[in-house]
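*Asks:* Protein chains in written order, with the numbering used here: chain A, 356 to 606; chain B, -15 to 322; chain C, 826 to 1112.
Worth flagging that the hints you see were computed from the coordinates, not collected in a lab.
Don't take each hint at face value.
As the list claims (entries may be wrong) - With a straight-line cut-off of 20 Å between C-alpha atoms, the simulated EDC-like cross-links for lysine to aspartate or glutamate are:
hint	chain 1	residue 1	chain 2	residue 2
1	C	K908	B	E299
2	C	K908	C	D1006
3	C	K908	A	D380
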Amino acid sequence: MPDALLDTAGLVTGYGQLPVLQDIDLRIVPGELVGLVGPNGAGKTTLLQAIVGLLPAWHGSVSFAGQDVTRWDARRRARAGISLVAEGRQLFAGLTVRENLTLAATATGNAVEENLERVLALFPELERLLGRVSGTMSGGEQQMCAIGRGLMCRPSLLMIDELSLGLAPVVVDRLVHALSQIHQTMGITIIFVEQDVDLAMDTADRVVLLGMGRVVMDAPAPAVRARRTELEHTFLGLPIDGQTVDVIAEA
Amino acid sequence: MTTPPERSTRRPWPVLTPAVLIMLVVLVVVLIALPWVLSNFWLRVATSALVFAALALSLNVIMGLAGYPALGNIVFFGVGAYVSGLAAANLGLPAPVAILLGAVGAAIYALIASRAMLSLRGSYFLMATVALNFLTLELIVVLRGLTRGARGVTIPPLVTGDPSTVYDTFYFLFLGLVAVGAVVLIVLRRSRLGLGLLAIKGNEDAASMLGVPTFRYKAIAWALSAGLAGAVGATHAYWIGFIDPGSSFDLIMSLEVFLIALLGGPLLVIGPIIGAFTFEVAGVIAWASFTEAHLAVLGVLMVIVVTYLPGGLPELPTRIRGIVARRRGTHGRSARAA
Amino acid sequence: MSQAIVNGILTGGLYAAFGIGLSLIYGVTRVISAVHGAFIVIGAYLAQSAWMAFGLDPFLMVPVLLVIGFGLGYGVQRLFIDKVMRRRVVMTITLTFGLDLIAVTGILLVFGADLRTISVPYASVGFDVLGARIPLVRLGIFAVAVILALGLELILRRTQIGTTIRAVSQNRTAAELLGIDTGHAFGMAHGLAAAVACGAGALLALIQPLQPFMGLSVLLIAFAVVVLAGFGSIAPVLISGMILGLTENLAGLYIGTEYQRLAIFVAYLAVASILPAGLFGRRFYAH
Chain A
356 MPDALLDTAG LVTGYGQLPV LQDIDLRIVP GELVGLVGPN GAGKTTLLQA
406 IVGLLPAWHG SVSFAGQDVT RWDARRRARA GISLVAEGRQ LFAGLTVREN
456 LTLAATATGN AVEENLERVL ALFPELERLL GRVSGTMSGG EQQMCAIGRG
506 LMCRPSLLMI DELSLGLAPV VVDRLVHALS QIHQTMGITI IFVEQDVDLA
556 MDTADRVVLL GMGRVVMDAP APAVRARRTE LEHTFLGLPI DGQTVDVIAE
606 A
Chain B
-15 MTTPPERSTR RPWPVLTPAV LIMLVVLVVV LIALPWVLSN FWLRVATSAL
35 VFAALALSLN VIMGLAGYPA LGNIVFFGVG AYVSGLAAAN LGLPAPVAIL
85 LGAVGAAIYA LIASRAMLSL RGSYFLMATV ALNFLTLELI VVLRGLTRGA
135 RGVTIPPLVT GDPSTVYDTF YFLFLGLVAV GAVVLIVLRR SRLGLGLLAI
185 KGNEDAASML GVPTFRYKAI AWALSAGLAG AVGATHAYWI GFIDPGSSFD
235 LIMSLEVFLI ALLGGPLLVI GPIIGAFTFE VAGVIAWASF TEAHLAVLGV
285 LMVIVVTYLP GGLPELPTRI RGIVARRRGT HGRSARAA
Chain C
826 MSQAIVNGIL TGGLYAAFGI GLSLIYGVTR VISAVHGAFI VIGAYLAQSA
876 WMAFGLDPFL MVPVLLVIGF GLGYGVQRLF IDKVMRRRVV MTITLTFGLD
926 LIAVTGILLV FGADLRTISV PYASVGFDVL GARIPLVRLG IFAVAVILAL
976 GLELILRRTQ IGTTIRAVSQ NRTAAELLGI DTGHAFGMAH GLAAAVACGA
1026 GALLALIQPL QPFMGLSVLL IAFAVVVLAG FGSIAPVLIS GMILGLTENL
1076 AGLYIGTEYQ RLAIFVAYLA VASILPAGLF GRRFYAH
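Could you build the full structure based on these sequences and the hints that come with them?
*Replies:* Pasting the structure below:
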């Protein structure tokens, strides 16, 4: 078994007094492409925020590339190679595409030219948009810019929250294609959150299902496909073969 | 190991529990008894504390209830002082009439200003009230035919007799104004208007969409606030016996009132009273030793309160307990706000 | 009247330099910094002292003051404002007024309460244009003030740190996710703003007698400029500064000099209430 790139052990966190994640153990090795699915409120975004350092861990630990990063803030984790494309893209709306991209490289101490070329090779569409103020672009263009900006940080782990939300099917296809390119040719480990379970199963190698702040299922995509009913039950909040019942009882 | 971040569960308004009721009764008894206990010097300090308490209560009508940070609210203190002062000095009106005129004049002034200013929010409103204060100060200076300009106005005495009678009279006058302020706040809080104001404080756009007549409510609150500040200013003019633009529209005084309201925290009525007495007594002690740096002491206090005591004096016990716990090392890493 | 117009425009340049820093701080940190006036006054006193002690021309003092101002602004941001930036305006304004009072006391203790003035040897040099006299000093003040404002704009638009500051002001969380040191960026923004304020102080010292409590009226002028300009780029700020300068001087000419300050407050409140988005339609949004 190769060394883990990301390893959370007994991770608990939440907002205010309210715990959202309960005891998350998640081990991801380099080169994986992981789809993170689950109903609304299951804790998907919370998990990404905890991994990236926007939420402090109440219990448990987060290790990244062999280092314990539990006490690191978001900035330090970004420099260490964790990149999050947050929900809603979170571009600097008043800055141009070029400024958005350049800033990401310089802030993390990476070369601008080389990384810009890499991003433009992945998303040639961005080339003519470089001078555009990013807030004025379409959702798909913004998502490309946001993923590009994440790549400018030279991450070894790229996380994308809500990959396809609000985007047209043709754009989603384009992004899924880009995702596999990032994964295969750039060799970057990816975790993406996706509402569309089928899309997640088709795209990812491994699917992690969250329900009520716990990992309900964690398996290779084909295996998950075989247990699709169980997935639906989780999404509808119905009990499945004892396991989720336990989860609910403990919560 | 880190536990979830601790949040003090602050109630927006303390319930009238027996403990609070006892505190209130004790407070009232102590306040009434003070003139028989204190020396003339400390009675003056206490009177001054009541002036600030009444002003902070008046500020709380617009700031505490409606959430409008009227930093320049001292303007109504000045308007009240000038209206009553001129009515007494030029027209020879008796003091009760002059003080009432001062209060009414200040309230009307607020209503006039409200047209222009209550559509502003946050920092905008705050700085506009400061500008209104200085605009009014300049007006008083240039309209010297009516106001005697920068030279100021001497006010005829309200009571004559031996000093202790005078001291007692003003102490009880200001105590009365504090009571009026407290009653206004308590009655407002329990009324429809007060509920509307709290809704405005929470989310003005939402309140307006729910049919709260936001502008009218804010204007009424500001006029009440101004009327009370005007009455304090008018009475204060009689107390000092002299008014001039600089001391009547003194932004430093406004900052002190602001600080006292902050010290009161969520306790809109008792808070300012305790805050004002704490502030005045601390002031007498501190300023005796730092006369040169009087303003800096105030400045440092403002910085400390905002940085370490944003919830005001009611938060003090929790804060101290937190520090003690940290000393003992039982307190974990302070969790960041989500 | 042409004289009043010339004076108004020339003073307006200085007012714009007062306002632009305040506008930057507000735009980036959402804090109205009441200590901004003190930065200007500190610059003015230092320029006056350098002139008195070494005969150093206030114009030559400007670069030095830029450095000092930068340090002050950066320090104030990191030491004090950083901690409370996300709190309500009531808190941040109280904090910055507290700092202002401390600064005023400092000025009072160091420089005393007496009025201080500078009279440079070329004070009476000037030339006549269209029946108006343009004093060389005033023209120099105008030029330097505009250069300061333009320089700030250039730094924000064209440099790495400028882009970072704009990014942080637009989306702080996203900036942190990219590894940007947001605290440093806020400090840089406040530092740049204070640098311009402090530099502009030297210019103020050339035309106004100095006294420790003048910071408040300077602050109000700076805020009036921001209110008129709305939130945005440099051109509105320059124009707003000039409008205030003209208001002041024309009121002085037609009504009386004692009405000058009154006219500024009236203009400010009138614009604030009638055109809350400023004269240029961009709302300087406050919450």
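*Asks:* Are the hints correct? Go through all of them and say.
*Replies:* We went through each hint and held it up to the structure:
1. C:K908 x B:E299: Holds. K908 (chain C) to E299 (chain B) sits at ~18 Å (cutoff 20 Å).
2. C:K908 x C:D1006: Given that 20 Å is the threshold and the Cα spacing comes to 15 Å, the pair holds.
3. C:K908 x A:D380: Distance ~34 Å between K908 (chain C) and D380 (chain A) Cα, so the pair is violated.
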